[in-house]
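Those protein sequence lines, which keep their order, are chains A and B.
By the numbering used here, the letter at position 144 of the first sequence is numbered 144, and the numbering carries on one by one without gaps.
By the numbering used here, the letter at position 162 of the second sequence is numbered 162, and the numbering carries on one by one without gaps.
Warning: the hint list may mix true and false statements.
[What the hints assert, rightly or not] One-sided excerpt, in silico: chain A residues whose CB lies under 10 Å from chain B: (1) 47; (2) 48; (3) 63; (4) 67; (5) 154; (6) 156; (7) 218; (8) 237.
What the hints contain is simulated information worked out from the structure, not anything from laboratory work.
For every residue, glycine included, the Cβ atom is placed at its ideal position computed from N, Cα and C.
For reference, the chains in residue letters:
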Amino acid sequence: MTTSKEPLLSLDRLSVRYPVGRRKTLTAVDGVSLSVREGETLGLIGESGSGKSTVARAIVGLAPVSGGTVRWEGKDVSSLGRRERRDFVESVQMIFQDPHSALDPRRTILQSVREPMDTMGRRKKSERRDVAVKALEDVGLSAQMLDRYPHQLSGGQKQRANIARALVTDPRVLICDESVAALDVALQAEILNLLQDLKDEYELTVIFISHDLSVVSHLADRISVMYLGRIVELGGTEDLMDHTLHPYSEALLSAQPLVDPASRGERIILRGDIPSPLSPPPGCRFNTRCPHAVASCRESDPQLLTITPGHSAACLRIDELHGLGVREVPT
Amino acid sequence: MSLLEVKSLEVRFGHGEKQVQALYGVDLSIDAGEIVGLVGESGSGKTVTSLALMGLLDPKSAEVGGTAVLDGAPLWDERGRRRPRSKVPMAMVFQEPMTALDPVFTVGSQLVETLRVRRAMGRRQARAEALELLEAVGISDPTARMRAHPHELSGGMRQRVMIAIALACEPKLLIADEPTTAVDVTIQAQLLDLIRGLARERGMAVLFVTHDLGVVAETCDRMITMYAGRVVERGPVVEVLAEPAHPYTAGLLSALPAAAERHARLATIPGRVPPPGTEITGCVFAPRCSHRRDVCDQPQELLPHGDGREVRCIRASEIQFEGVQV
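Pulled out of the complex, with its shape left as it was, chain B reads as follows (with noise of 0.2 Å):
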């Protein structure tokens, strides 16, 4: 049993006839110290995946089905009523560390706040563990950071305070939603240091969502495509890239101007990721695929493809794609 383990998962927006399902049956499964990336267009369904395990959805809209245990507890009963977020050990980081944070309050209160909510803790003991846990995702002079408000620091930084933040709450599993987008190259390169060096040593799980292959090769162990709403492929990452079995994950790396030669043309995938309650009862990809047959047209299992890989194409098998040697 993995650390996360994630069973059909279903989203739906809205009521009655307007409803429309943006996750279909999603299964998911992720151990500890592991790190899964993410990976799809805008629209895909990698946000409302974490969103939905995080409980971030609005449950006066939101309609979440199938089943989800960490750590052996599950994140909702059949009910649909969700254990109290205090008590998961579950955190997130997004993308925007500036609209994460509370623009009017210090990073040391925030950081505090946390720890006596969380973990119950006193004043002294929680502004010490914050010191602890500035340090350890690589701030310097902790004491001075502590009372400086957000606007103060860089994208960096805050993306740093807000993965303490995140380990204040002792996760075992933490779900990083593009948590490097909005930071430059090189600050990119320390934060997946970061994040790679904390799932190692301290034995948490991390979902990576992410759009940038690259950075999945570069942080990644497994990962997972998505598609209108549901896992296209998976696997370990090295594999996958190596060797991609479905179109669109073949699609996505050879889109990246690195693959192709200086002043080529790039390949692009053509058409766009169909809106979320599009009827479609063959392959989803289908309309958008340049290796569709007439197969295509019924629907399509995630079948098992070598070695811990599944892919959702019936084609698989037949079509050799280039990948790149990781």
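Next comes chain A alone, as it looks inside the complex (with noise of 0.2 Å):
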């Protein structure tokens, strides 16, 4: 992994809101700052209206961004020239939820592969036929499905041909978003597998959007936490998983059902509903839920802040709960 470098990708206080009514707005995302490195896989955890999906989807510019800058090798994507502007377009493709709604069903497989050459006008016409059939060939989607048309294939095979369609185009970052939540156990393995093998092959860049930990915590070398619109924690796989310190992250991860659910410790339930992002709490924004809230949790917002070398989070109380920055190794 690369480290040194400019990082490929990078959010700056990036926020997305939406107007709703009359002088009323809706804030999905608030001042997110990220770093995107090359080569590394990139978890965004959270649960539904944390404000994940919308970060991904104002990368790739399908939500607006309102205040901030999305930096593509450290260039504004907003000022970006022509070129650089279809380059970047080429670079990053993002795989959705819901395989079946994300495929045209009037469009075969092979066209729907192909679609993206044909409207960026890459490659020669002749071409494309071969690229698209080679990357249903590294999806592992045989030449008999190329001229089906998508209600013929099954849930695992559509979601193939979705991933075929966002690699034609030489894609350096792969935006997966609940990529495999709609698949069963056996098929999220296959997916999960393929896209560690294209994720050499392809020498991509990955970031995993998922609501569940163990997906991520499986696949990625770093993860983000996201609450209400705002990252609460952002560590190392493991360095997150054993020592978590957001009290949020650590109701998310003891929330998991386990198959074996003694290797837990105390489960932690969490009371209530993630609140409106149209009427987010003062304070932090975790302290109508959150298990270790006092009065200062209701008056001041905490700022993401490194607490170890490459692990941050956002809570006031961080020091109180896990000694100052002194970290202790449990056995």
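Combine both chains into one complex, guided by the hints.
This is the structure:
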């Protein structure tokens, strides 16, 4: 993994706001800063409403950026020239959650997979079919699937076709938004294996968004935990899983149903739902559900601070809860 | 005699030559207060089983065979005539609460309606009972929530309302079909806690349909693995997960990312569940099984495997699978 260079993709205080009704705005993403290093797999987790998908959509331009910047190789994507913009669009591809609605029901699989090249005017027309066939082969779809329509494919095959379509423009970054959430365990395992293989073969950087912690922690090198439009904790996977800092991450970890429940410590069951992003609570946004919240949590808004190298969290009481930067190593 | 006794449940869809069989002789028993998990991939028959018990399959297209006895009374007679649904102490909670609730009525009126129909309560009495039920499922400020329409509630709240409506029927058996699949993990933890609590307090039996073995491990007492419309393994959750006897259960378990080392390749089960109607003479799982031998070509019976366990695999005693310590 390269760390010294400029990050491949970085977000600087990115905000996404939507106007709702008169003089009201919904802040879906609120000042998120994040950098994605070349070759890594970055996991984004959080409940629905946490803004994880909106971050991804803002990166590829599917959600309006209301504040802050998205940088591609150090350059602000909103000021890219035509050629650079094209380059960026081709380099960052996204795979969505529902494999069925992501495919055009009236196009064959081959047509759908070819489409990005057609719209981008990429490669010679005669070559496009071969590239598409190669991509389909790489994702494990045989030649007989080429002329089928989406309804003739199973869920797993459709998701493979979606992945193939994302690969034909030679992307450098692949954003997977809940790409395995709609699949059965056995299929999910197949697609996760496939993503790992493709990552190596195509030298991809992957942003993997999921609400399923077990899936994210299996794939990701680093994990960013989001809550109500903010990043509350960010760190290396091992670090974050074994030395969880933020109470929300702790609760999320503990809520995960495990096949061996005994391996987990005491179960933390959060009360209530995630508050509406229309009216986020004052102070720390997690204070309404946090088991450790005190009066000051309702007043001051914690910033994301580096606690140990490469591991940061946004919690006012981190010193009290975990000891001042001192790491005990539990056995 | 258990609270629910199902014997050789069969379901066929369609007529004549095009008829396909979806369930093959499923036996099932649940005691009062017990939570039984029904697991398998999509297409394995777990939802058809629950719909058949609930009487939600269209009698015009589906033929239900076998017997089912709940609390001493059969759910249908020999000629297939069902007891009126309102007389059967059974309720079901579905995966998607938004589609199960009526969007144009308030939560309160839907609850009150159920109480008036099922328990012949008067308006005032039903309202009081509705408030109590909402409170029982952990909804804060029930008086205000009674006036809310489903879209005003969060996913977790809606599912709680669904559970409250189910409880309004005073069910002895609750069928929960993937009730937590559509909600977040933190909400899932709350709902599982609620369902477990209700089963214990009210002595309610729960048939918990899910594809998530983690949920089974956290919630259920016993589990049943289904494959291609047949029960392939059953037993106490702790023992089955610690030492799965059927290759399919073992496969489902090892495909979970949590069980594998980080970044390691996950075990997969090659192939797909055979579509209903596929003619299979030998072991149903054989085409996808890595332990297949010639003996697997003969039909497989569900055979006892240790204490309180059964498995449909002739090689079960020869093969050892890795499980998890629960």
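Hint check:
no. : hint : result
1   : 47   : holds (4 Å)
2   : 48   : holds (6 Å)
3   : 63   : violated (21 Å)
4   : 67   : violated (27 Å)
5   : 154  : holds (7 Å)
6   : 156  : holds (8 Å)
7   : 218  : holds (4 Å)
8   : 237  : holds (7 Å)
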